[in-house]
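If you're matching them up, the sequences are chains A and B in order. Note that numbering that gives the first Met the number 0 gives residue 35 to position 36 of the first sequence, counting from 1, and the numbers run on in steps of one. Note that numbering that gives the first Met the number 0 gives residue 124 to position 125 of the second sequence, counting from 1, and the numbers run on in steps of one.
Just so you know, the hints here were simulated from the structure itself, not pulled from any lab data. Everything numeric in this text was worked out from a predicted model, so none of it was measured. All residues carry an ideal CB built from backbone N, CA and C; glycine is no exception. Treat the hints with care, since some could be wrong.
[Said to hold, decoys possible] Not the full set, but computed from the structure, chain A residues with beta-carbon under 7 Å of chain B:
hint, residue
1, G82
2, A90
3, N143
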Amino acid sequence: MYLIRQFEEVCGEMYTRGLIRGFLHLYIGQEAIAVGAISRLQPHDYIVTHYRDHGHALARGVASNRTMAELFGRIGGLNKGKGGSMHLFDAEKGVMGGHAIVGGQFPLAAGLAFSHQYRKTDGICLVFFGDGATNQGTYHEVMNLAAVWKLPMLFFLENNLYGMGSRFDRVRGGGDDFYTGAAMYGIEHAVAVDGMDVLAVQEATEVAIKGIRAGNGPAFIEAKTFRFQGHSMADPVKYRDSAETEAWEARDPIVTFPRDLLAQELVTEAELEKIRASVDDEVAEAVKFAENSPFPPDEELYTDIYA
Amino acid sequence: MTEITFRQALQRGLREALDADPDVFLMGEDIGKYGGAYAVTQGLLEKYGPDRIRDTPISEAAFVGAGVGAAVAGLRPVVELMSMSFSLVAADQIVNMAAKIRYMSGGQVKVPMVLRAPTGGGVQLGATHSQSFENWWASTPGLKVVSPSNPYDALGLLRSAIEDDNPVIFAENALLYGMRGDVPDDEYRVPLGVADVKRSGSDITMVGWAHGIVTLLDAADKLSETGVSAEVVDLRTLRPLDMDTVVGSVEKTGRALVLDENWRTGGLGAEVAAEIGYRCSDILDGPVARVAGADAPAPYSRPLEQLGIPQTQGVIDEIEKTYGL
């Protein structure tokens, strides 16, 4: 979690310095979800996610230096600099994007899950999405498709309450909870979890995946969470008051989780410091790697259009 | 050689692929138990079973995108849309997912998927069911688009499309399903991206594709009665365009006509005409002649609908008007 937080903080700085351009959506505040959920996956499982995707890639063990180089638009980036922040891919690790059309990732995830079913493996596809995506048609279409085909698929809603500047209750008629709607499509296992509690997320994911691997069909988890910063770097956050943000920040998993570990004497302050120092070094190295990686050569404009 | 219909040619191609490669599977609306809206997949469910012949909900975005996901995972889906008109419901998955996922990932994945769909008008299905959006998809980098004009090409192109590692839109003009033609018994291929001279001639090059070739071959017959020798070039693949074959023909004849059965404005015919004009300006005897469908929604009423679809006489008149032939 600390790696994601530090990586995102540095991304923000790099954006301010003009080294990262385009749209940049930071995952700060939601780290417990990516870490808790992805820690329960097997190597052959797939992850499909939304445009706020750095945390998922890093939680999956994708190289931080190549991730940073991608954000810098360099040839050493994960996608050779052709994807950018919103489209991180690492196919070897089963990270199948980063998708920037809200809700566009659901059908892709269904197809990846289908491939496991077709080949009779016990693999699954974990698809992350935000509350904003639940108002897209693909959300409803794919929940139905996954249920009727019993696809090995885990729908993971990161409900951070805001779709860009619109609080969910301004654009949704279905009430505060989203997970209760899954039953309507025939998804029997659907639960809510505290998205600020990494162990709770881990536990909920473990239970859900066990059922999916057993052949029970798709499952649904709604994690209640909050992004501490704006939707993107361009967002001055005028649509919500600071009291709401402060209340969530008081539950910051980067603070509370180590505090709990210390209280239970599972870790020492010295050990935590060592981890933090090592992460800080890694992120600093990632920036150096990115800066030293050249921009893609001209011929890259026309490569990878076709196989 | 065996004489079969266009529909039978497609079914033969699908059966061969299902037999040859366990990674090939079919999905679409009512392709299984119902047998396919145009009966191309009739009998396949019984032979290959429901795991490989998948009936889907009426959720075009979901199952087209699921095809992309399955292809990214290494399977070779052949997805059927009940009509090319419905491709718009899946437009985001076609344009933003199928066409872009390879490029955006820096070449980490590929999309070996075929998206088949009946297309075209002329049978009074009204404005929303008579459209040919393969024209639109042909402008999208990352996609390949084919549209055969006879059973031989249909089978040869389908074999190539299923074996290709890229997303291929396979547009089947619904007027052609019953067309009969000779097909060799061996496993020939028609390569993607290669146009074909369907009839040789020396006075004018007539370019078209799919059902338009029926009209052009008929026009060529009529023109020959008045001593005009017309060459007919069938594009077969709409992306990538084989302009070299087209230009080679125009360099021989010095005259060109482009037939596009779809809307005139901004369509593929306009692109082909512009390229001919650009590459052959010092050879051409006059402007590139154009015949296209009416810039209007397709009306239901038969006389009105036919008025909007290019006919043989329209081609002959356009050539007379442009070149005085």
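Against the structure, the hints come out as follows:
1. This hint holds: G82(A) has a C-beta 5 Å from the nearest C-beta of chain B, less than the 7 Å allowed.
2. Nearest Cβ of chain B to the Cβ of A90(A): about 4 Å, under the 7 Å cut. The hint holds.
3. Interface restraint check: N143(A) against chain B, minimum CB-CB distance 6 Å, threshold 7 Å, status holds.
Checked against the numbered hints above, the structure breaks none of them.
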